[in-house]
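Engineer: Spelled out from the first residue to the last, the chains are:
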Amino acid sequence: MFLGQIILNSLVLGTQVLLLAVPLYLVYSVSKIYHLALGASGMAAAYGLYFGLSQGWPLSLAIFLAVLVALILGLVSYWLLEGAARKKQTMLGLLISLALGIVIESLLSIIFGTDSKSLISGVLPIISWGELYITIPGIITIVMGLVSAAIFALLIKKTPWGRNLIGIAENDHLAASLNINASRIRCGVFMAAGLLAGFIGIMTVMNTALAPQTGFPLIILAFIALLIGGITDIRGTIAATYLIALIPELIINLSSSKWSLSTNWKMVIVFILAALILIWRPQGLFISKSRID
Amino acid sequence: MGYLFTQLARYSEAAIMSAGAHLAVVVTNIFFLGIPVMSTLAAYALVIAQNQGISLIWSISIALGLVLEASLVFVLAYLKLSADSFTVFTLASVLAFDAVLKSWDSVTGGVLGIAGVTRPEFIATLARLAWFQFGLSLFVLLVEYIILKTWFGRALLAMKENKYIVESFGLSASRLGAAVIIISSFFAALAGIVTVWRIQFLDPSFGGLVLLIQVMTIAVVAAKPKVRWLAASTLIIVLLPEILRLLSLPPTIIGHLRNLLYALILLVIIRNISSNLLPQKRFI
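In the order they appear, the protein sequences are chains S and W.
If you're matching positions, the first sequence starts at 1 in the numbering used here and goes up one per residue.
If you're matching positions, the second sequence starts at 294 in the numbering used here and goes up one per residue.
What the hints contain is simulated information worked out from the structure, not anything from laboratory work.
Any given hint could turn out to be false.
Restricting the straight-line Cα-Cα distance to at most 20 Å, the calculated cross-link-like pairs of lysine-lysine (PhoX-like) are [what the hints assert, rightly or not]:
#1 Lys453(W) with Lys87(S)
#2 Lys456(W) with Lys517(W)
#3 Lys456(W) with Lys88(S)
#4 Lys517(W) with Lys453(W)
#5 Lys88(S) with Lys453(W)
#6 Lys32(S) with Lys517(W)
#7 Lys442(W) with Lys453(W)
#8 Lys442(W) with Lys519(W)
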């Protein structure tokens, strides 16, 4: 049962990371840029919801504010990164997204402070089976995460829309000659990514606490999952997110009392895991090596 | 006078740290973001060694030796990963190292850190320390100047342009990149050591993303692969947040405002001078 609880917790955490890895993958698919500001965007949407609720607004209005924040940040990200995506300046795009993430985090810290806040007061509603328990937000996270990951995996692999996405990043001039408006599609992807990030930001802080600096480690975990799973295959990303959620949980919870590790070591374990896997298979666990033409 | 010496010291520390970032990012186009890790690692290694009663020279040697070993790990990652994957990997190392510092209480003191760091006798006062740091920064800038003027610097600039052409001339792009990472790490280690001598206190907030943003902003604002541009950029970026002191702002938000300022400068500069940071690509 103890092992069962570890697996359940890993499932929730892994799905949180997966829900951030999916928009990261989407943005990478259309622009070849790692959008590191997604974590901070998610937190900003969560703060939008928190602000609405703390002002006594109805839940629907607070959610509308959160959605608006997510969409605006998606548009801002598109405006900042579109130039770099068009000119294939992926490194500069990465730096721009990092700076944007810092801007968002700093603004949130200035406006709301750095102390942890809660979206839900009191104890979280839980569902239990024997000795296993899971929170309601955790269940919503798992269901939404798996459903959205499956939908996006199917969309990207099996539909013309998905092929357009990948084609735009490879050669947007050719895409334009096929009457595909790359800029418009990228704009849509950035806004959808912002919305997804906003959703996961809200789900994450329902399970933990709301703080401006929560988003950044989450996006780094999502990136590591993308890297381990293989950047070009979303199925690998899905598998890798649960791997990097489960292994640190097992190591920390099953460590003996002599060498007990706190949860602070999670990021270290993930980093070491990523380093070992990438030294062994730099292309990712689920991708075969191929020649670059 | 104390304020002026402190600013001189801060300028020198930033110049030493940013020399490495400038060499990696602007000269060679290797976005090595693990510089704060190297700086913090050297600082902690020095302080822990000194606290164990090890002499100053040996403590510095241990610190630089550890940084060299850590830089080899990054070199391995550089050789294995693509450019942007390596960049985010080094960024992840900043978070991972921060987690190590906070978790390994018995060695690093955890979130409380290590207080009472002693300075060497010959730089016991702030004035002497500031001049020593300034001299060291001039030395580091001179080293970078010499690097840029030699075949090595020209090879690095050529790598930024097209590393396959560099390889066709018989130079190993991998070795050049590895050398840049090691040199950058070494400069960051020097900066970390002299900084901890100034502040005489060490905790996990010593390096981290805050330092990374400052260093990257200085390197990017410098834009051109010229040492005088780096020196000028360091002066601007280090002194600019001092304007915030003139405003009557609560101390709790000054740090966040500084980060905001650096990140905004980075955004504006990258969007407006990106063609100087990366060579023009011809489309045929």
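Engineer: Next step is simple, just say for each hint if it's right about the structure.
Structural biologist: Against the structure, the hints:
In summary, the hint linking lysine 453(W) to lysine 87(S) is supported, as the alpha carbons are separated by about 16 Å, within the 20 Å threshold. Of the supplied pair hints, the one linking lysine 456(W) and lysine 517(W) holds, its CA atoms being roughly 19 Å apart against a limit of 20 Å. With a CA separation close to 17 Å, the supplied pair lysine 456(W) and lysine 88(S) stays within the 20 Å bound. Note on lysine 517(W) and lysine 453(W): the hinted pairing holds, with a Cα-Cα distance of about 12 Å set against a maximum of 20 Å.
Under the criterion of a C-alpha separation no larger than 20 Å, the hint pairing lysine 88(S) with lysine 453(W) is consistent with the structure, at around 15 Å. For the hint pairing lysine 32(S) with lysine 517(W), the CA-to-CA distance comes to about 26 Å; that exceeds 20 Å, so the pair is violated. The hinted pair formed by lysine 442(W) and lysine 453(W) meets the criterion: a straight-line CA distance of about 16 Å does not exceed 20 Å. Distance check on the hinted pair: lysine 442(W) and lysine 519(W) sit about 10 Å apart at the alpha-carbon level, within 20 Å; holds.
In terms of the numbered hints stated before, the structure departs from hint 6 and from no other.
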